[in-house]
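Can you make the complete structure from the sequences, with help from the hints?
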Amino acid sequence: MRRRPTDERDLSGWAGWALTLALFVGLWLYGGQLFPWAFDYPRSISIPAARWITSFTKWLLNEATFGLFTFAELTRFIAAVLDVPYRFVLSLLSTGFQSGEGSQAVQILPPLSWVAVIGTGAILGGYAGGARLAALVAGCLTFVLVFGQWQSAMVTLASILVAVPLGVAGGLLLGILAFRHSWFERAIRPVLDLMQTIPVFAYLVPILILFGFGPTAAVVATLIYAMPPMTRITELALRRVPAELTDLGRMVGCTRRQMMWRVLVPASKDPLMVGVNQVIMLSLNMVIIASMIGAGGLGFDVLAALRRLDFGAGLEAGLAIVALAVALDRLSQAFARLRNEPARGNGPVARHPYLLSGVALILAAGLAGLAVPALQTWPDAFELSTGAFWSNVVQWINVNFFDTIEAVKNAVLLNLLVPFKRFLGGLPWAGVTALLAYVGWRLGGWRLAVLVASLAGLIAATGQWEKAAITVYLCGISTVFAMLIGVPIGILASEREGVWAPVRIIIDTLQTLPSFVYLMPAVMLFRVGDFTAMIAVVAYAVVPAVRYTVLGLKGVDPRLTEAGRAMGCTPGQILWRIKLRLALPEILLGLNQTVMFALSMLVITALVGTRDLGQEVYIALTKADPGRGLVAGLAVAFIAIITDRLISASARAARARLGLEAA
Amino acid sequence: MTELPAPDAISANAAEGAKLVCRNLWKLFGPRARETLAALGDAATPERLAASGLVPAVRDVTLSVREGEIFVIMGLSGSGKSTLVRLMSRLVEPTAGEVLFHNRDLLSASDAEMIEIRRHKMGMVFQHFALLPHLTVLDNVAFPLDVQGVPRAEREARARKMIALVGLGGRESSLPRQLSGGQQQRVGIARSLAVEPELWFLDEPFSALDPLIRREMQDEFIRLQSVLKKTIVFITHDFDEAIRLADRIAIMKDGAIVQQGTPEEIVLQPATDYVREFTRAVPRAKVVRVATAMRKASGAEPAGTISARATIAEAAPKFLEGATALRVTDDDGRTVGHLIREDVVALMLGG
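Chains U and F are the protein sequences, given in the same order. Per the UniProt record's numbering, residue 1 is the first one in the first sequence, and the count goes up by one each step. Per the UniProt record's numbering, residue 1 is the first one in the second sequence, and the count goes up by one each step.
Treat the hints with care, as some may be off.
As the list claims (entries may be wrong) - Sample of chain U residues lacking proximity to chain F, with all beta carbon distances greater than 12 Å (derived):
# : residue
1 : G96
2 : A243
3 : A388
4 : V399
5 : P419
6 : G425
7 : L584
Claimed, not checked - Listed below are the simulated SDA-like cross-link pairs for lysine to any residue, each with C-alpha atoms no more than 20 Å apart in a straight line:
#  : chain 1 : residue 1 : chain 2 : residue 2
8  : U       : K269      : F       : D219
9  : F       : K121      : U       : T255
10 : F       : K121      : U       : G431
11 : U       : K269      : F       : K121
12 : U       : K269      : F       : H134
13 : F       : K121      : U       : R250
14 : U       : K269      : F       : Q178
No lab work stands behind these hints, which were simulated from the structure alone. All residues carry an ideal CB built from backbone N, CA and C; glycine is no exception.
This is the structure we're talking about:
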């Protein structure tokens, strides 16, 4: 047992905080004349990281070589390899199989008809979750069909169908390696941290340069984005396999390979399937974003609609994404819960009823499609469009409520957003860095202090401080609002089962939606700007605030609330003095997640005209400047890591204080 | 009084075919365990080891398991008994000492040789069953054979035989979670027997079961052993279970063996106060053998007979029909003494 030395720091602790804060305020108010360098990072000693990265990328592209082939050839080769399955799936779902190129192309085989795709979806749903799931999946896909989003949705689906197996397999292998070799685990952990915290826009540029513009580059970006959680879940799941099962494996004489594939992996099937679900949902999210580098599909439709401010079209494509997301999520969750029941009956027909009916359906639908074209391609005449309707709704709202909305928006902007933005922008970088170091030291010792201080220092040194301040301001305000909305809802939901049931359905659904979708309604009502960004971020980040509050409150030991009731506490006292105190660590974790969600959404709100690091990344993307984008992206990642480490440390401290965990 | 057998006595045992011998076996958890232990030598007391940051799990254990006997290792949680059984199959690597299996030092075997030995010579039953959740009963039992590459038809035939042996016939296609705890452990037993091991390790096999089921499983185990005659190392924390099943018992405390001997020896002559605590509640009649309580044959030959190996509790009902004495016979049926009614009564009343 290692124990940190307990120190009598109650009194000296408060004094330390007061002194540090006083010094900080002193520097902020009066240090401007004395230490100008503390406010504006001196250019002479700044790190030209952006230039380095850009020239490094150029070097990779033009000069790096492995002897037999160059680096660029390698990446192009990977792209070409990935292109094969992608072309195949795309042909299957969307374009049909063709021979020849361009205008001389002759279709050999038509793509799967909508009847076949919807039917296959329903059969999968029926297999994994019964009639209700079959109806849900078929309903979602029919919605996409009827509202004329079929072509785009099939392009998106094709990218996902290629990215998910690769992401799952890659994550599984990396996770196994990390499980087997602790050096690999130590090496990969910071890489995974960065992969998950760097905003996706930031690595779109290097990928674009290395893999070329198009769907395969989007698949690569999707893999980078979706693989880390699978890797983590795999490693964790393998470590959680009961020791008795590994003993069993060794006792019956398993080789290393048999141990992994016959014992460990099957025994951790449940958590692994959760990982697969994550990969699917993250892939969907990323495929939408990756429309910027030529993935096409639904994401491109949303993006295009956003650019020409065509809310109706954007919302329709957005709703199609929602439908696709709900179908994929429920389907993969059902597969995760699926237990392999022992086969009943004999013969191939009795054993594989779903497989056979699927094949039969695809064949029958293909033949029927040849005879009746309407069964092959949904006729345009039957397509419904609500685009005009939604445009009218927005117009109506804007005509009738423009003044109210503007008043609210301006009041919040002038009284809250702008002053806070100015306040943060005026803080000295050196003072903030020192303050962070002090907080880190108090919460987690000198290691944490060094980590947060050096990350904050790097942000300043690479010239990102001002933009980072704007990011922190938007993220901070959005987090506060998300917590102010989310925590009370969480409290209410945990107290009343009747509230929890609908709230859970709503947050479950919200969580499956790609972040892109949140922009549409916000832009429709508030047009572009910081306020719009804030609304979208709050909507996206409120989910973890609710979820973790409920988790924490429901997790409080019922014996303690019972004891409280026995002592005559009122329900209010039980809530304030017992439950919320004990749920504090979870609520802090919820805060942590809320900040992470807010940051990842914030970058996407660059599309609606913020001026922060996200915008920097976005500009770099449009200019294809890898250095600029990555440096800004890394700055976002550093903010995320600093926040994460500090909040996690204080959550740990809170747990230790409550006696829930050894200090 | 049972002394720890001297090392040369063990070599003698080994020569006459003791199946498994552990000599001065140590397991210490912590950094640089091997070097520290070697440096300390005889001075390796628990206190000294703890001072060097090492946790002693098994300390200087010497024992031998004979062909065909049930050797029970009994100890409370944390006494090192589960580690000890894992040292015997090298699931856990010993820090020092020797493990001899058929006079062959397991610690010098290569990984591939260990895999072969475990595949064909050893079977193990686990406290929490360790069934693979995604496999049916049949596939679970056939799993060790599958790992060896035995063809499907053959391994399934053998697995079916084992399933019938443990009384689970008809449940072959069930999944583990569809079975009760007792049934799951029957699957675990069938699986460990599927490779027909020479050496059978049972690590607290019945501890996770309800008392009634536990009793039933013990009876089942006794029945199985009467058929199979395996060499068994059985781990338990339950002294009554140990007394009930064991040919010989080793009692562990803090990683070391405090006493080993037959149940009778341990109950009648506990080596320490610690052992005496366990034996206090055990009825003498259940462990004392007729051979110990009988007198020299004298006077008229009684009509009834009793085996010298029976316990007094087993002999007692024979007196209910009015006999005052029983003729005690050895395995070959020769008379070796008389068991007198008063002696039995005194023993049973004396508790």
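Output the numbers, in ascending order, of every earlier hint that fails for this structure.
The structure breaks hints 2, 8, 10, 11; every other hint is satisfied.
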